[in-house]
Every structure is written in structure tokens, then in C-alpha cells.
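S.K.: Spelled out from the first residue to the last, the chains are:
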Amino acid sequence: MVVKVYGPVYGSPKRVLVCLIEKEVEFETVPIDLLKGEHKDPDYLKLQPFGTVPVTEDGDYILYESRAIIRYYAEKYKSQGADLLGKTIEERGQVENWLEVEAHSYNPPIHTLTVQILLFSKLGFTSDQNLIKESEEKLSKVLDVYEERLSKSKYLAGDFFSLADLSHLPFTHYLVGPMGKEDMIRSRKHVSAWWDDISSRPSWQKVFQLYPPVF
Amino acid sequence: MVVKVYGPAFASPKRVLVCLVEKEVEFETVPVDLIKGEHKHPDYLKLQPFGTVPVTQDGDYTLFESRAIIRYYAEKYKSQGTDLLGKTIEERGQVENWLEVEAQNFHPPVFNLTFQIMFTPILGIPTDEKLIKESEEKLDKVFDVYEERLSKNKYLAGDFFSLADLSHLPFTQYLVCQMGKEYMIRDRKHVSAWWDDISNRPSWKKVLELYPAPGA
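Those protein sequences? They're chains R and C, same order as listed. Residue 161 in my numbering sits at position 161 of the first sequence, and the numbers go up by one each step. Residue 16 in my numbering sits at position 16 of the second sequence, and the numbers go up by one each step.
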């Protein structure tokens, strides 16, 4: 039985897809149309009561929250594919540290920018320019910390690619691509090199190819 | 060498303290006065470049983000104290699921309520009543999901107390005490029983006694 991943065209589910490819784990996908409101369907809410994507179904075993799903699969398949958790408990601690940084410091402003710039224009809503400006300033400060960190270590958790770096792929892609804010990455030498490295991994290229982003 | 935990008077560091007590790991604390702005001091920023609490120093090994720190210590000391990660990889997956739910769904509205109700008066900033109302509505919806979940399971991740439950302690304590919103818990039968269970654990009572919240 192959794991099913719901909502593959969207940002958060792509964390799961790229993780499964890195771990050489087969999967199927199930489309969910957020614009049509399919995530608020009673059948979907039975799987994911908060009505967000992704959710994974692995036989009877259901999981949601993309960063929980990637931790689970990275641990379950630790002995195959790329090791995304580090080799020791201390290395895993660093992975957890920087994955939490992505979740709490990086994701909030970049998610707001995605909604205000990409989603609102798609829906024909007026964006809040103040909110866009504030979010860009917050994200700039986070990227300044990343620049300092990445001047000392090749990847966020240390000298190895991990879940902490992987978690940044989907929304940073939106930033440099359709949002037209590549300068935020390119104006920072070490962040720029890191972005080139992680975004050119075959796993990310494959996810991109199979499930073109909705924006 | 004993692990040092910075900022014990505040909520997020209390996740770490209660975890270390559950895991029977000795620790020391280092006060950081957020009201005086000590978290923005250059020396503090060397340890935690985002300028928030907690950070832990374990000899040379430094970690920040409370939910990273509790995962690390729960794993490092898996074989002593309470097992906070479940017994199998599948149980751990459920712990991760509900710890992420706490972080992504529960925390943002309860944090907004905490900041607006408890801290804007101390900081002399105007209180945003609209944000308070919106945050309470969001938190209500989250508690409705919890009520359903806890009608089927004793704890969030299953039939065992875990990091997922523990992570809720500090800010829910603020909600029922300092913020005067205990009704949000008591109006829900299973959430109410769960809160009584987890908040009466000796580890939590000890943390509250040793490190009272500012103004408590």
C-alpha cells in the first residue's frame, strides 16, 4: 500500500513530496482544489479537522501538518535515501532548532506575502500594502540572520542538507519566482549560494516538474 | 555540567522547564528581563540571534526554539523519566502531528491574547480589542477540534501524555488564570478533564512554584 498525499499543487504539501523523493518512498497524490473549497468538505474534514493541506494516508495511518509528516517519514526511513535528520542526537537537535526557526520566524511573513501578493491577485482581492511592506521587512531581518548562519555552515543545521533546509523550498520558490523578489535572496551572498544548492537538488526539480505550482 | 535555561519567568521557557523535570534532568536558570529589553542585548543575541526566549546552553551545545529543545531532551533522555515521545515511530508521528497543531493552530491566537491582554498594559501600548475578539473566535474553533479529539483519546497523541500535551501548559495557564478565560476550558467536558489532568502533574506544579510568571 502506497502513501497518499493530498493537495500536491500547493506549497505545504510540497514539503512532503520532496521529502518522500529524498527518502526514495513511493507515493500517490490526491488533488484537493482549495479555490473550490474542497478542503472544507465534510469528507476532507474527517481526515484533517482543521481543513488545511496536506494530510497523508498510509493504509490506516493518517498524519497532518507538513512538518510532522516530514519528521515521521525521515525517521521511519532513516536507513534509506538522504539522511535528513543528521547522524547523532546533537545533529538532530540542530535540525529541530532550524526547522522551528523556519516554522516560527520565516514562514509567517513569507506566507503573508504569498497570500497578499499571489493569492489575492488570483482571487481579485485588494492587497494590504502596509502588511506587504511589514512582512517584507520582517523577512529581511530573518534573512540577515540566515546570512550570518550560512557564512559559518554550509546548510542551516550544519554541514549536511536536512529537513531544516528542505522546509524552505516551496515558499522560497514563490518568493524568487512569481513574487519577483529574487533580490532578497541574491543580495545575500551565502543565502544565495545556499538557495542555488538546495533548489537544484534533483528531488526538488522532480516535484516542480510533476506538480507545477498553482501560482 | 548542568544545562542552563534562559528566561524561566516567561511562558515558552516553561515548556523546557516542565520537560526537563519530567525527564529528571538537572538544570539551572538564567533570568532574562524582557520588559527591560535584555533579550535584545548584543550578548544575548550571540546566543539567540532572533532575540527571543528560551535558549539552552549545555556545555558548548546551544539550542533555541522551545519546541526544538523539548524534542532534543525528550529523545536524548528517552530511557529515563516519563516517555514523552511515545513507544513506536507511529506513536511519535502522532506526537509530532499534535505538537505541530499546537504550534500552528493553538499558539498564534493564544499568543495574541496573551500579548494584548497581559502585556500591552505593562508596555504602555494601545490594546487591540478587535484582535482580542478575532483571536478568541479562532481559539474557540481550535478547542472544538480538541473536544472532539479528546472524546476519543485521553491525551492528544493517544492514550499517553506526551510533548504534544505538555506544550500547551504555559499559555493555557495564562488563559485560565491571568486572562480570566477559564470558561473556554470548562465549557468543554473533555478539554476540561484533559486540562485538570495535565495541569495537576507534579512537574507543572513544581515549575509554577519555582518560577512564577511576571506579575503573578
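Treat the hints with caution; some may be incorrect.
[Unchecked claim] Straight-line distance between alpha carbons at most 27 angstroms, and here's what the computed BS3-like set of lysine-lysine pairs gives: (1) 87(C) x 133(R); (2) 206(R) x 4(R); (3) 78(R) x 189(C); (4) 87(C) x 4(R); (5) 138(C) x 40(R); (6) 87(R) x 4(C); (7) 46(C) x 189(R); (8) 152(R) x 46(C); (9) 138(R) x 152(C); (10) 76(C) x 205(C); (11) 122(R) x 154(R); (12) 152(C) x 138(C); (13) 40(C) x 4(C); (14) 205(C) x 189(C); (15) 141(R) x 154(R); (16) 76(R) x 133(C); (17) 78(C) x 154(R); (18) 78(R) x 87(C); (19) 78(R) x 138(C); (20) 76(R) x 36(C); (21) 122(R) x 152(R); (22) 138(R) x 205(C); (23) 152(R) x 87(R); (24) 36(C) x 154(R); (25) 87(R) x 78(C).
[Unchecked claim] Facing chain C, from chain R, some residues (calculated, C-beta under 10 angstroms): (26) 34; (27) 37; (28) 39; (29) 41; (30) 69.
[Stated by the list, open to error] Quick list of the computed label-pair ranges, beta carbon to beta carbon: (31) 126(R) x 131(C): 41 to 51 angstroms; (32) 34(R) x 140(C): 38 to 48 angstroms; (33) 130(C) x 153(R): 35 to 45 angstroms; (34) 123(R) x 59(C): 50 to 60 angstroms.
These are computed hints drawn from the structure, not numbers from a lab. Beta carbons: idealized from backbone N, C-alpha and C, even for Gly.
S.K.: If a hint holds in the structure, say so; if it does not, say that too.
M.R.: Hint check results:
no.: 1; hint: 87(C) x 133(R); verdict: violated (46 angstroms)
no.: 2; hint: 206(R) x 4(R); verdict: holds (17 angstroms)
no.: 3; hint: 78(R) x 189(C); verdict: violated (40 angstroms)
no.: 4; hint: 87(C) x 4(R); verdict: holds (25 angstroms)
no.: 5; hint: 138(C) x 40(R); verdict: holds (16 angstroms)
no.: 6; hint: 87(R) x 4(C); verdict: holds (25 angstroms)
no.: 7; hint: 46(C) x 189(R); verdict: holds (21 angstroms)
no.: 8; hint: 152(R) x 46(C); verdict: holds (14 angstroms)
no.: 9; hint: 138(R) x 152(C); verdict: violated (40 angstroms)
no.: 10; hint: 76(C) x 205(C); verdict: holds (24 angstroms)
no.: 11; hint: 122(R) x 154(R); verdict: violated (37 angstroms)
no.: 12; hint: 152(C) x 138(C); verdict: holds (22 angstroms)
no.: 13; hint: 40(C) x 4(C); verdict: holds (19 angstroms)
no.: 14; hint: 205(C) x 189(C); verdict: holds (22 angstroms)
no.: 15; hint: 141(R) x 154(R); verdict: holds (20 angstroms)
no.: 16; hint: 76(R) x 133(C); verdict: violated (42 angstroms)
no.: 17; hint: 78(C) x 154(R); verdict: violated (30 angstroms)
no.: 18; hint: 78(R) x 87(C); verdict: holds (17 angstroms)
no.: 19; hint: 78(R) x 138(C); verdict: violated (37 angstroms)
no.: 20; hint: 76(R) x 36(C); verdict: violated (45 angstroms)
no.: 21; hint: 122(R) x 152(R); verdict: violated (40 angstroms)
no.: 22; hint: 138(R) x 205(C); verdict: violated (37 angstroms)
no.: 23; hint: 152(R) x 87(R); verdict: holds (19 angstroms)
no.: 24; hint: 36(C) x 154(R); verdict: violated (36 angstroms)
no.: 25; hint: 87(R) x 78(C); verdict: holds (17 angstroms)
no.: 26; hint: 34; verdict: violated (17 angstroms)
no.: 27; hint: 37; verdict: violated (17 angstroms)
no.: 28; hint: 39; verdict: violated (14 angstroms)
no.: 29; hint: 41; verdict: violated (16 angstroms)
no.: 30; hint: 69; verdict: holds (8 angstroms)
no.: 31; hint: 126(R) x 131(C): 41 to 51 angstroms; verdict: violated (21 angstroms)
no.: 32; hint: 34(R) x 140(C): 38 to 48 angstroms; verdict: violated (23 angstroms)
no.: 33; hint: 130(C) x 153(R): 35 to 45 angstroms; verdict: holds (43 angstroms)
no.: 34; hint: 123(R) x 59(C): 50 to 60 angstroms; verdict: holds (52 angstroms)
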